[in-house]
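Colleague: With the first letter of the sequence shown counted as 1, position 31 gets the number 32 in our numbering; the numbers rise by one all the way through.
Be careful, since some hints might not be right.
To be verified - Now the in silico label distances, taken between C-beta atoms and shown as ranges: (1) Lys-88 <-> Gly-65: 30 to 36 angstroms; (2) Glu-16 <-> Lys-48: 16 to 22 angstroms; (3) Ser-9 <-> Tyr-47: 15 to 21 angstroms; (4) Ser-3 <-> Glu-61: 16 to 22 angstroms; (5) Lys-57 <-> Asp-36: 30 to 36 angstroms; (6) Val-35 <-> Lys-89: 31 to 37 angstroms; (7) Ala-78 <-> Asn-17: 19 to 25 angstroms; (8) Gln-53 <-> Ser-3: 35 to 41 angstroms; (9) Glu-16 <-> Lys-55: 17 to 23 angstroms; (10) Glu-20 <-> Glu-58: 34 to 40 angstroms; (11) Lys-55 <-> Leu-4: 16 to 22 angstroms; (12) Ser-91 <-> Val-35: 31 to 37 angstroms; (13) Lys-89 <-> Glu-58: 22 to 28 angstroms.
Don't read these hints as lab results, they were simulated from the structure.
These numbers were taken from a predicted model, which means no experiment stands behind them.
Quick reminder that beta carbons are idealized off the backbone N, C-alpha and C, glycines included.
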Amino acid sequence: MSLIKIISKDFDIEENLSEERLRETMVNAFAYLVDNDFPKLIQILYKADVDQYKLKELLETTEGRSSAEIIADTYIARQLAKIETWKKYSKL
C-alpha cells in the first residue's frame with residue numbers, strides 16, 4: 002500500500018504527487034484544520050494513531066516550524082511506519 006493511498010482515506014489529494022508536494026499539501030491541510038476544524042484534526046490524528054504525547058512534546062519544543070508543519074511531518078511519519086510494519090508482516 003502506498004503512502005498517498007493511505008493519506009487519501011483522510012484527505013482528498015492527487016494520486017501523482019511528489020514527496021515534496023505531498024508534504025506541502027499536508028501542511029496546508031493541517032493549517033486549515035488547526036484554524037477551522039479542530040475536532041476533525043483530532044479525529045484524523047487519532048485514526049492515524051499518531052502518538053499524542055510525542056506530538057505535544059514536539060509542538061512545545063520545536064522552534065522555526067509552524068504547528069501545521071510539525072503535525073504534517075508527524076502524521077506522514079506515522080503513516081510511513083504503518084507501511085513498513087505491513088511490509089514486514091506481509092512477508093511472513
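Colleague: Please go over all the hints and tell whether each is borne out by the structure.
Modeller: Results of checking the hints against the structure:
1. Range check, Lys-88 to Gly-65: Cβ separation about 33 angstroms, and the 30 to 36 angstroms hint holds.
2. Hint check: Glu-16 to Lys-48, Cβ distance near 21 angstroms, so the stated range 16 to 22 angstroms holds.
3. Under the hint 15 to 21 angstroms, the C-beta atoms of Ser-9 and Tyr-47, about 18 angstroms apart, fit the expected range.
4. With their beta carbons about 32 angstroms apart, Ser-3 and Glu-61 fall outside the hinted range of 16 to 22 angstroms.
5. Checking the proposed 30 to 36 angstroms range against Lys-57 and Asp-36 shows it is violated: the Cβ atoms sit about 19 angstroms from each other.
6. Judged by the Cβ atoms, the range 31 to 37 angstroms given for Val-35 and Lys-89 holds: they are separated by roughly 33 angstroms.
7. A C-beta distance of roughly 22 angstroms is found between Ala-78 and Asn-17, which places it inside the suggested range of 19 to 25 angstroms.
8. With their beta carbons about 26 angstroms apart, Gln-53 and Ser-3 fall outside the hinted range of 35 to 41 angstroms.
9. Our hint of 17 to 23 angstroms for Glu-16 and Lys-55 is violated, since their Cβ atoms are close to 29 angstroms apart.
10. Our hint of 34 to 40 angstroms for Glu-20 and Glu-58 is violated, since their Cβ atoms are close to 25 angstroms apart.
11. As the Cβ distance of Lys-55 to Leu-4 is approximately 19 angstroms, the hint placing it in 16 to 22 angstroms holds.
12. The supplied range of 31 to 37 angstroms is met by Ser-91 and Val-35, whose beta-carbon atoms lie about 35 angstroms from each other.
13. Distance hint for Lys-89 and Glu-58: a CB-CB separation of about 27 angstroms, consistent with the stated range 22 to 28 angstroms.
Going through the hint list in order, the structure does not satisfy hints 4, 5, 8, 9 and 10.
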